[in-house]
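Peer 1: The lines below spell out each chain.
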Amino acid sequence: SAVISQKPSRDICQRGTSLTIQCQVDSQVTMMFWYRQQPGQSLTLIATANQGSEATYESGFVIDKFPISRPNLTFSTLTVSNMSPEDSSIYLCSLGTGGSGYTFGSGTRLTVV
Amino acid sequence: EDKVVQSPLSLVVHEGDTVTLNCSYEVTNFRSLLWYKQEKKAPTFLFMLTSSGIEKKSGRLSSILDKKELSSILNITATQTGDSAIYLCASSEGAQKLVFGQGTRLTINP
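Heads up: the sequence lines are chains A and B, in that order. Under the working numbering, the first sequence has 173 at position 56, and the numbering climbs by one with no breaks. Under the working numbering, the second sequence has 545 at position 77, and the numbering climbs by one with no breaks.
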């Protein structure tokens, strides 16, 4: 199954700033997904990223706050913009890989102070 | 709206006990039901179930899907302290995105 390298592993950021999270896959994949896990909560899908098209955002998430890039079939970034303490979460990228399950990146633990 | 519900939300047992975790789903264009174990940040894949009534096993863990009841269970026998984690159930739908349940926090006491 595909392997995802996600960076950074963790970061502590000042409110009002932005953080870009990167996911690199060791093979070409059509669809990548970005999830958020707020403290004590389960995972919630932010958006689906297809190469060559605009990301599709779930209800409650907007492009201005969470811009996503997907320049090729092995790479994607998620930016958390104008951060507030409510953005403190674990952010995870994922791809659907059929029978071997939906592989996740190692996650980014973001703390906004 | 697609929904996945897990129960119990929290469970504390002694080492050696057997536990059963429950998951029910209401998902349009259902494709599969997945179980994950989360200890730190990234969920670790356990099982993917697509067919009803066929048990999947991996060591002390097993899982089965009931499409008629729109539910699944995850069994862990002879539990060990290393089984302590959050267990997540998720359903995939036509667009391949996952809808997650709230998770069950399992604590195994020695």
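Hint data in this document are derived by calculation from the structure and do not stem from the laboratory. Any given hint could be a false lead.
To be verified - Derived DSSO-like pairs (lysine-lysine); straight-line CA-CA distance at most 30 angstroms:
| # | chain 1 | residue 1 | chain 2 | residue 2 |
| --- | --- | --- | --- | --- |
| 1 | B | K525 | B | K536 |
| 2 | A | K182 | B | K524 |
| 3 | B | K535 | B | K525 |
| 4 | B | K535 | A | K124 |
| 5 | B | K509 | A | K182 |
| 6 | B | K536 | B | K508 |
| 7 | B | K524 | B | K535 |
| 8 | B | K535 | B | K505 |
| 9 | A | K124 | B | K505 |
| 10 | B | K471 | B | K509 |
| 11 | B | K508 | B | K524 |
| 12 | B | K524 | B | K505 |
| 13 | B | K471 | A | K182 |
| 14 | B | K509 | B | K536 |
| 15 | B | K524 | B | K471 |
| 16 | B | K524 | B | K509 |
| 17 | A | K124 | B | K508 |
| 18 | B | K525 | B | K508 |
Stated by the list, open to error - Residues of chain B placed beyond 10 angstroms of chain A at every Cβ, according to the derived structure:
| # | residue |
| --- | --- |
| 19 | D485 |
| 20 | K508 |
| 21 | K509 |
| 22 | I532 |
| 23 | A546 |
| 24 | Q548 |
| 25 | T549 |
| 26 | G550 |
| 27 | A553 |
| 28 | S560 |
| 29 | Q564 |
| 30 | V567 |
| 31 | Q570 |
| 32 | T575 |
| 33 | I576 |
Every residue, glycine too, gets a C-beta built ideally from N, C-alpha and C.
Peer 1: Please go over all the hints and tell whether each is borne out by the structure.
Peer 2: We went through each hint and held it up to the structure:
{"no.": "1", "hint": "B:K525 - B:K536", "verdict": "holds, 21 angstroms"}
{"no.": "2", "hint": "A:K182 - B:K524", "verdict": "violated, 41 angstroms"}
{"no.": "3", "hint": "B:K535 - B:K525", "verdict": "holds, 18 angstroms"}
{"no.": "4", "hint": "B:K535 - A:K124", "verdict": "violated, 38 angstroms"}
{"no.": "5", "hint": "B:K509 - A:K182", "verdict": "holds, 22 angstroms"}
{"no.": "6", "hint": "B:K536 - B:K508", "verdict": "violated, 34 angstroms"}
{"no.": "7", "hint": "B:K524 - B:K535", "verdict": "holds, 15 angstroms"}
{"no.": "8", "hint": "B:K535 - B:K505", "verdict": "holds, 22 angstroms"}
{"no.": "9", "hint": "A:K124 - B:K505", "verdict": "holds, 21 angstroms"}
{"no.": "10", "hint": "B:K471 - B:K509", "verdict": "holds, 23 angstroms"}
{"no.": "11", "hint": "B:K508 - B:K524", "verdict": "holds, 25 angstroms"}
{"no.": "12", "hint": "B:K524 - B:K505", "verdict": "holds, 16 angstroms"}
{"no.": "13", "hint": "B:K471 - A:K182", "verdict": "holds, 25 angstroms"}
{"no.": "14", "hint": "B:K509 - B:K536", "verdict": "violated, 33 angstroms"}
{"no.": "15", "hint": "B:K524 - B:K471", "verdict": "holds, 23 angstroms"}
{"no.": "16", "hint": "B:K524 - B:K509", "verdict": "holds, 25 angstroms"}
{"no.": "17", "hint": "A:K124 - B:K508", "verdict": "holds, 16 angstroms"}
{"no.": "18", "hint": "B:K525 - B:K508", "verdict": "holds, 24 angstroms"}
{"no.": "19", "hint": "D485", "verdict": "holds, 25 angstroms"}
{"no.": "20", "hint": "K508", "verdict": "violated, 8 angstroms"}
{"no.": "21", "hint": "K509", "verdict": "violated, 3 angstroms"}
{"no.": "22", "hint": "I532", "verdict": "holds, 17 angstroms"}
{"no.": "23", "hint": "A546", "verdict": "holds, 24 angstroms"}
{"no.": "24", "hint": "Q548", "verdict": "holds, 23 angstroms"}
{"no.": "25", "hint": "T549", "verdict": "holds, 22 angstroms"}
{"no.": "26", "hint": "G550", "verdict": "holds, 20 angstroms"}
{"no.": "27", "hint": "A553", "verdict": "holds, 14 angstroms"}
{"no.": "28", "hint": "S560", "verdict": "violated, 7 angstroms"}
{"no.": "29", "hint": "Q564", "verdict": "violated, 4 angstroms"}
{"no.": "30", "hint": "V567", "verdict": "violated, 8 angstroms"}
{"no.": "31", "hint": "Q570", "verdict": "violated, 5 angstroms"}
{"no.": "32", "hint": "T575", "verdict": "holds, 15 angstroms"}
{"no.": "33", "hint": "I576", "verdict": "holds, 20 angstroms"}
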